[in-house]
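J.: In order, the protein sequence lines correspond to chains A and B.
For what it's worth, this note's numbering labels the leading residue of the first sequence as 1, then goes sequentially.
For what it's worth, this note's numbering labels the leading residue of the second sequence as 177, then goes sequentially.
FYI, nobody ran anything at the bench for these hints, they're computed from the structure.
Heads up, some of the hints might be wrong.
Stated by the list, open to error - Computed footprint of chain B on chain A, listed as stretches where at least three residues anywhere in the stretch have a Cβ under 8 Å from a Cβ of chain B:
{"#": "1", "region": "50-56"}
{"#": "2", "region": "59-67"}
{"#": "3", "region": "104-113"}
Just so you know, these numbers come straight off a predicted model, no measurement behind them.
Glycine residues also receive a C-beta, built at the ideal position from the N, C-alpha and C atoms.
Here's the letter readout for the chains.
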Amino acid sequence: MTASSFPLSPKATMTIPWVTTVARLVLGGVLIAAGGLKIGNPADSVVAVKAYQLLPESVAVPVGYALPILEIVVGLLLVVGLLTRVAGVIAGVLMFAFVFGIAWAWANGLRIDCGCFGGGGQLAAGQEPAYLLDIVRDFGLVLLAAWAVRFPPGRFALDGALGLEGGRRDDEEDER
Amino acid sequence: MTTKGGRTNTMPKSARDKIKEQQAAARARERRKRLATYVTTGVVALAAVGAGWWYAAMNSRSEEAAGRLAPVSIQPDGSVVMAQAGVTGPVVDIYEDFQCPACKELERVSGATFKNLALEGKAKVVYHPITIFSQEPTRSNSLRAANAARCVADGKQWMAFHDLLFRNQPSETEPGFTPDQLKAWGKEAGVTSPGFDACVTQEKNREAQAAYSKKILDGQKIQHTPTVKLNGTEIDNGVLFSPRQLRDEITGAAK
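All chains, full assembly: derive it from the sequences and hints.
T.: Structure, rendered in structure tokens:
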């Protein structure tokens, strides 16, 4: 058992999988919502990516097309707890990239909507960017992803049911 | 002694080994099965991402520009009509701002569709370059660009200039569309009229552009650019950025 290799109290071994489940559901839910709101409008997604002025046009366009579906698939994997570790790593990297992008926009004085949940691009007059809020939220999601990667797969996870992660009896061979 | 002792010990040991071997084999099978499940799930997830990506890219794939254009004529108010002689409908009104990134994206994705439909005589396309920005530096960028476009008198040159403006759209955070750039793009678009350079630098049409924009924004109730209307009804964004759907919607309106 993975948990037995750490000096954890019985209470912690009980709690940790539930925390992972909550982390998976929150992170997955946010990703599905973000992707779902964008997927009907790939052009908006492309414009939102370009608004950061971080990627050259030839890269920004495919990234804009790929982001919504990637968010949805990774979000679904997290919610059902399948390939938890891999999905967690991808979600964490995505969120970290978003934190970086928003910080970049802020540092460069761009006045844009982060485009996190559709929309995006230049703000209208009178609108103020919510960079700090966006960064805090996305960084919180990075932490949830890290937790899910560290303690997969949590309760109510297909990984557990399929014996893919957690409850392995031959962990020592995998860790070598 | 040793052989005898060895023999007595060998029997139960080999039985134990056998069980161990079986257990090891079962574990290996389990591992293989897990690996297969893991890989299968991973492949399915990757395929889903790939399919969604491909669909988005296909849905937004631009038409091949024919290269030729339907006759383009510049109207006194600054709007520009592109249509074959005698074609009066369906009318496609394009409200766009040279400084707006989403308009640039519209031109990149669906610009060829508008030109092709006009060339095929399937639509009367009307461009309305407006200035929607109220803040600097975007407002002045937009006004400078639109002023320069109004300095072009020839329809074909106007369209080439229009395309160049969108292709070279500056960032929204810094002054762009400088007079020197605009003059150079004018030459590139084939503008030869002697008054062009002075018209660009003196911003002769700035007031006219600002007044026209206000009139259009209020009169047509434009909330955002790009706005494209088909016979007066706004086309949905999802359709607008999908050249195939856009073509179907416009040709469908002709019936």
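J.: Now look at each hint and say whether the structure bears it out.
T.: Hint check results:
1. A stretch counts as covered by a chain when three or more of its residues have a beta carbon under 8 Å from one of that chain; for the region 50-56 of chain A and chain B the count is 3, and the coverage holds.
2. For the region 59-67 of chain A, the stated coverage by chain B is satisfied: 3 residues place a CB nearer than 8 Å to a CB of that chain, which reaches the threshold of 3.
3. Beta-carbon proximity to chain B at under 8 Å applies to 4 residues in the region 104-113 of chain A; the threshold of 3 is reached and the given coverage holds.
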